[in-house]
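Modelling step: build the complete structure from the supplied sequences, incorporating the hints.
Protein chains: 2
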Amino acid sequence: MTHPQNADLSALQDRAGAEQELFELLRIPSVSADPAHAGDMTRAADFLQLKLQSLGFTARVDPTAGHPLVYAERLDAPGQPTVLIYGHYDVQPEAPLEEWVTPPFEPTVRDGRIYARGSTDDKGQAYAHVRGVELLLRAGPLPVNVKFLLEGEEEVGSPSLEAYLRDHAEELRADVIVISDGSRFAPDVPTVTYGLRGLSYVEIHVQGANRDLHSGSYGGAAPNPINALCEIISRLKDDQGRVTIPGFYDGAEELTQEERDMWAGLPHSDQDFAASIGASALPGEQGYSTLERLWARPTLDVNGIWGGYQGEGSKTVIPAKAGAKVSMRLVPGQDPERITRLIQEYVPTIAPQGAQVEVRALHGGQPVKVDLGNPFVQAADRALRRVYGKPAAFARGGGSIPIVADFRRILGAPVLLVDFGLNEDAPHSPNESFALEDYHNGILTSAALLQELGLQELGE
Amino acid sequence: MTHPQNADLSALQDRAGAEQELFELLRIPSVSADPAHAGDMTRAADFLQLKLQSLGFTARVDPTAGHPLVYAERLDAPGQPTVLIYGHYDVQPEAPLEEWVTPPFEPTVRDGRIYARGSTDDKGQAYAHVRGVELLLRAGPLPVNVKFLLEGEEEVGSPSLEAYLRDHAEELRADVIVISDGSRFAPDVPTVTYGLRGLSYVEIHVQGANRDLHSGSYGGAAPNPINALCEIISRLKDDQGRVTIPGFYDGAEELTQEERDMWAGLPHSDQDFAASIGASALPGEQGYSTLERLWARPTLDVNGIWGGYQGEGSKTVIPAKAGAKVSMRLVPGQDPERITRLIQEYVPTIAPQGAQVEVRALHGGQPVKVDLGNPFVQAADRALRRVYGKPAAFARGGGSIPIVADFRRILGAPVLLVDFGLNEDAPHSPNESFALEDYHNGILTSAALLQELGLQELGE
Chain U
1 MTHPQNADLS
11 ALQDRAGAEQ
21 ELFELLRIPS
31 VSADPAHAGD
41 MTRAADFLQL
51 KLQSLGFTAR
61 VDPTAGHPLV
71 YAERLDAPGQ
81 PTVLIYGHYD
91 VQPEAPLEEW
101 VTPPFEPTVR
111 DGRIYARGST
121 DDKGQAYAHV
131 RGVELLLRAG
141 PLPVNVKFLL
151 EGEEEVGSPS
161 LEAYLRDHAE
171 ELRADVIVIS
181 DGSRFAPDVP
191 TVTYGLRGLS
201 YVEIHVQGAN
211 RDLHSGSYGG
221 AAPNPINALC
231 EIISRLKDDQ
241 GRVTIPGFYD
251 GAEELTQEER
261 DMWAGLPHSD
271 QDFAASIGAS
281 ALPGEQGYST
291 LERLWARPTL
301 DVNGIWGGYQ
311 GEGSKTVIPA
321 KAGAKVSMRL
331 VPGQDPERIT
341 RLIQEYVPTI
351 APQGAQVEVR
361 ALHGGQPVKV
371 DLGNPFVQAA
381 DRALRRVYGK
391 PAAFARGGGS
401 IPIVADFRRI
411 LGAPVLLVDF
421 GLNEDAPHSP
431 NESFALEDYH
441 NGILTSAALL
451 QELGLQELGE
Chain B
1 MTHPQNADLS
11 ALQDRAGAEQ
21 ELFELLRIPS
31 VSADPAHAGD
41 MTRAADFLQL
51 KLQSLGFTAR
61 VDPTAGHPLV
71 YAERLDAPGQ
81 PTVLIYGHYD
91 VQPEAPLEEW
101 VTPPFEPTVR
111 DGRIYARGST
121 DDKGQAYAHV
131 RGVELLLRAG
141 PLPVNVKFLL
151 EGEEEVGSPS
161 LEAYLRDHAE
171 ELRADVIVIS
181 DGSRFAPDVP
191 TVTYGLRGLS
201 YVEIHVQGAN
211 RDLHSGSYGG
221 AAPNPINALC
231 EIISRLKDDQ
241 GRVTIPGFYD
251 GAEELTQEER
261 DMWAGLPHSD
271 QDFAASIGAS
281 ALPGEQGYST
291 LERLWARPTL
301 DVNGIWGGYQ
311 GEGSKTVIPA
321 KAGAKVSMRL
331 VPGQDPERIT
341 RLIQEYVPTI
351 APQGAQVEVR
361 ALHGGQPVKV
371 DLGNPFVQAA
381 DRALRRVYGK
391 PAAFARGGGS
401 IPIVADFRRI
411 LGAPVLLVDF
421 GLNEDAPHSP
431 NESFALEDYH
441 NGILTSAALL
451 QELGLQELGE
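If you're matching them up, the sequences are chains U and B in order. Residue 18 in this note's numbering sits at position 18 of the first sequence, and the numbers go up by one each step. Residue 86 in this note's numbering sits at position 86 of the second sequence, and the numbers go up by one each step.
The hints are simulated quantities; they were obtained by calculation from the structure and are not laboratory data. Please read these numbers as outputs of a predicted model, since none were measured by experiment. Hints should not be assumed to be uniformly reliable.
Taking CB as the label site, the calculated pair distances span [said to hold, decoys possible]: (1) U:A36 with B:E98: 24 to 32 Å; (2) B:G313 with U:E345: 18 to 26 Å; (3) U:R110 with B:E337: 56 to 64 Å; (4) B:R341 with U:T108: 53 to 61 Å; (5) B:E99 with U:Y249: 51 to 59 Å.
A virtual CB, placed ideally from N, CA and C, is assigned to each residue, including glycine.
Quick look at the structure:
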């Protein structure tokens, strides 16, 4: 299959203009966490509204309880798919400022990279879509209906987004949602992320006696809640690394052979991975490769534990209480609420004598996955092949991205994560950067993706 | 066996004088923890020195790096046993002052109890021995040689005592050491405590990766040091409540049938004991009663644990490190240093893959025990029978008292704990008190004990 569009699009690129405009946006210190930057938030939102209006979009800035959202749409293609592109214009705080080689809000190019706070996360990647639409408009009419939703609170947990999606569900309706706010698998690997794990996060509380006791006077007879908690936690997984909670794996989608083969072919080395985190081993569920365990297998990890004396030296106490935060990553087919209920039912059955336990639900997140056979996934693959000259890697993410689950749940459309950045861009760190090449490839990919999505039949 | 001495002693008692003098001592706010009371420490030491001199003792106040020690001796009985009586004249701080019904340093009698800071711990119990000697002197010459060592730093951990014992080992030489600084088993139970458990206290450190990781991105492959620590701790005891460390029980003295029978006869109810600490069960090593487990069986308790996120809400972190404080109570025959070495050798062998462990020795204490057949133990039994009209309970203590182990180790003499107080005296708490009856019985017991000790043959 040849794609003359690709050549056409490259020829129409205005790299200097795309860079200059992004730099303008990067100069606005839109730090959502800092109230002192409220005016900058508005400036950044206005900048995007004006730009999208200049591209023929109906665009507005919607206030929220926090920072405003920019919503824009251009619905030129009746009967064609509608694509909702999400991004965010807010950035992380710049601290520690002294570690920046050049100031965080004075974008500077060194060795082919744009150094600035927000360059990759997410102004650069979001703006690649704005410029992608602009590029496409130079080639002719838009082949799809396009909606933009650009929020200003992603770096503070998107507190207003869920309600906004619910309140505007009809207006935001789309056939597919595209988000570029993360990293490709590796520098030479164009990536579509088609699934994310979910989460069930609980707190386990154990009470022994009704007060702290002297371990000399009471040791050997008084229940020790820390020992009991360790016992409980050790019983939550077996020696094969499998979670022992009855029913935990019921309904959990197994990996397909296609996925296993695909991931086995990705450039990954257990040795390099372990070395990158300074680990002496990569323990986990037996029978699965590291990538399989990270992306498509449920896990159970203790995220925090406390009890008794934590200071210097020795205090001979049997504490009254101990507790732990325990989270389980979930895969498609596992419902967070059900899993939370299962662990709440199970822990009391494995609690040692004398341990009064309580399992409190803290937080949950749905796993999400787009079927690999979904035509929009195939369209993304074709778009990436055109831009990068190689097939896309189809990866999944081990973490939850709450907004992705919200989009999926509230708007009901599949979500494609097509990232242009890389881990080495150092989002959230000093000297965040974005390769110029990745930015321009992002613009090309966005345009190509909209073209390819336009080739899809609806209602499949 | 009749003991005419008993009647004699009672007739010689000067209850009013004994109370008035103790009240004088109690009025001195000798709070060792508070530098503002340095002058009061000296006043209390001087008071004791003068009193003992008035009883014909050679007495002096020895300075230390901290508060002074009072040393006194009256060696009237060549060829007879030498008894060293230890006590302390310093007291706990009085806070919270507002909870005291009457001021802590204005001794007040209510319902037959002396309310004052230090009334039971340890001025009242120590002074009972001073008055016991005085009582005995009224009856005739002392039947034994008597030495007093009264320190001023017990409530701050006796930092100067060990060196003092070493420096004065020859001068302090005794055949038996008597300490009254604790509680009888129960109100109607005169008690000799003839053993204490020892201690090995360690810290276990576990390292996984070299930094905190996101549990979404890494969960399922990165080693989790908290899970590993819980696994290690859960493996330190088996499902019978026995410690699994190889060699742990080697040499540990088993209970004799005599001890088991004796303790089975003590007024103890598991139900009441559990209720007193609000525990729903009293888990522990199978095959032993609660008192046996508390006094004569080794244990392993986690005294503190930490790792990861301990704040409010959910943080999805796999921490780099976790740690725990673990202490083992030891019984005679178990050497703390050896036990510490054993756990240091064992933990690495049970650490899960990817967990780098370190076991740091923090603290140790020797178990101590006087043989029940020891003639001094029998003398104490006879003295208590005379005063209380019933046989003594022979108990052990679950905790370590470091000074007891120091006396045993440095001076080489058996240590008898003959306590006059009760738990309900509330030492260290507001409204500390000491029953007048217990004080006067203490005086009688001290005198009777010295008489009975004088009947012992040396060199048995």
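Against the structure, the hints:
1. About 46 Å separates the C-beta atoms of A36 (chain U) and E98 (chain B), a value inconsistent with the hinted range of 24 to 32 Å.
2. A beta carbon spacing of about 23 Å between G313 (chain B) and E345 (chain U) agrees with the range 18 to 26 Å that was offered as a hint.
3. The given range of 56 to 64 Å is respected by R110 (chain U) and E337 (chain B), whose C-beta atoms sit roughly 60 Å from each other.
4. In this structure, R341 (chain B) and T108 (chain U) meet the distance hint of 53 to 61 Å, their C-beta atoms being roughly 59 Å apart.
5. Between E99 (chain B) and Y249 (chain U) the beta carbons are some 56 Å apart, a value that agrees with the proposed interval 51 to 59 Å.
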